[in-house]
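K.L.:
Each chain, letter by letter, is given below.
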Amino acid sequence: MGKANFGGIVKQVCLEYTPEVEKGDYVLVHVGFALSKVDEAEAARTYQALERMQQLSELEIPDVADDDTAMPRVA
Amino acid sequence: MKYLDEYRDEALAKKILEEMRRTVTKPWVLMEVCGGQTHAIVKYGIDRLLPNEIELVHGPGCPVCVTSLEMIDKALEIARRPEVIFCSFGDMLRVPGSEADLLILKSRGADVRVVYSPIDCLKIARANPEKKVVFFAIGFETTAPANAMSVWQARQQGIKNFSILVSHVLVPPSIASILQSPFNRVQGFLGPGHVCTVMGYREYEPIAARYKVPIVITGFEPIDILEGTLMTIRQLESGRAEVENQYPRVVSREGNKVAQDLVNKVFEVGDRKWRGVGSIPKSGYKLRYEFRDFDADRIFDTREIDTKEPEICISGLVLRGVKKPHDCPAFGTLCTPEHPLGATMVSAEGACAAYYAYGRHLEAKQREPALTE
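Protein chains in written order, with this note's numbering: chain S, 1 to 75; chain C, 1 to 373.
Read the hints as simulated data drawn from the structure, not as lab findings. You may find that some hints are simply not true.
Claimed, not checked - Heads up, simulated DSS-like pairs for lysine-lysine below, C-alpha to C-alpha not over 25 Å straight-line:
#, chain 1, residue 1, chain 2, residue 2
1, C, 273, C, 324
2, C, 265, C, 132
3, C, 286, C, 131
4, C, 257, S, 3
5, C, 323, C, 26
6, S, 11, C, 324
7, C, 257, S, 37
8, S, 3, C, 123
9, S, 11, S, 37
10, S, 37, S, 3
11, C, 286, C, 160
12, S, 37, S, 23
13, C, 323, C, 265
14, C, 273, C, 286
15, C, 160, C, 132
16, C, 265, S, 37
17, S, 3, S, 23
18, S, 23, C, 257
Turn these sequences into a full structure, and let the hints guide you.
P.N.:
This is how it looks when you write it as structure tokens:
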């Protein structure tokens, strides 16, 4: 078991399935179990690839609100 | 939070939508498999931002919704017994059985408890040795590692008053079943990101090849869903049908081997009945013979159950992507989250509940006078 910080709320999380996880990593948690480490390098690569797409005309889209997340940081 | 807020970025969403407009030349029907994706799509209005050529239909991936009525009735039958403490995830409590739901039983005095994790049940079992603690083990592959661990640890710790009522479902057979249907309209899939976190995506490759359908494993943030849609459209427009991974920050082709190993030790694949869909061969997990002492279905004799579905409810068609929630005459009138007729109105991941939560039942009402004029 380990502690994970869900944006301020710290909960016990089972780390049996993610033996590679270290303190400070982001993990994906489902019903109290960490299922995967969130790969920051991949996250950055995906995001940057998308950002490089050509900037084009303005579109009307609504604001996206903040939401609960299941990607806490291992404390 | 790092790499979370970024995936909700408005400017980036606009770029992806513009790229989609440049890419699409003809109409396409895509299905998002997972209920979490359905929720995000309706919440952020993503289906309404897409080019008109692209239609999103909502898939069967809401575990609460597809749990069969027989299973719900079995759960009610077990929960009713005075020697039982019945534990469940919260969103199962309002799912209508033939006569009642778990919350109604609780109000009549049954010991029904909501748990955050199946592991919590072991603590309850230890604290209540004179009681039988039963956990309602529903879910897709994402939840299987947690449920498997609860049984594994119960055996290791010698906990004898704990069992699980298993109603596990698997995504790949349900996708294949949708593609085999003569009513199928789906031409591409946004694959279930969190199911694949556990299972990887190798098992989707034969499906993509056999049915010539693109499957893009997709995450749950608005940018993920937009990018997954763009990747699927690019495949369709160029005549490709492959499995691609939009969600590599979490999903790998092999998945989580450690979790798969324990799931395979505890569970084996078996036939499973889906609510509103019917029986699909090899579409679920059941406990292996070695773990039969933890099988609530075996411990409690609940065979003689007569099930009754409300006739008006079309949740089966909604789950298969044949109909949308507002096609139902009961949607938002007879059937609401306070008085759900079908499971798709109960869980936050159900298409009907998501449509209702974000006000689409009001739009349906507004449209009515215009139609009769």
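K.L.:
Indicate, hint by hint, whether the structure satisfies it.
P.N.:
Here is what the structure says about each hint:
no. : hint          : result
1   : C:273 x C:324 : holds, 22 Å
2   : C:265 x C:132 : holds, 24 Å
3   : C:286 x C:131 : holds, 24 Å
4   : C:257 x S:3   : holds, 23 Å
5   : C:323 x C:26  : holds, 22 Å
6   : S:11 x C:324  : violated, 38 Å
7   : C:257 x S:37  : holds, 13 Å
8   : S:3 x C:123   : holds, 18 Å
9   : S:11 x S:37   : holds, 17 Å
10  : S:37 x S:3    : holds, 14 Å
11  : C:286 x C:160 : holds, 19 Å
12  : S:37 x S:23   : holds, 11 Å
13  : C:323 x C:265 : violated, 38 Å
14  : C:273 x C:286 : holds, 12 Å
15  : C:160 x C:132 : holds, 9 Å
16  : C:265 x S:37  : holds, 23 Å
17  : S:3 x S:23    : holds, 9 Å
18  : S:23 x C:257  : holds, 21 Å
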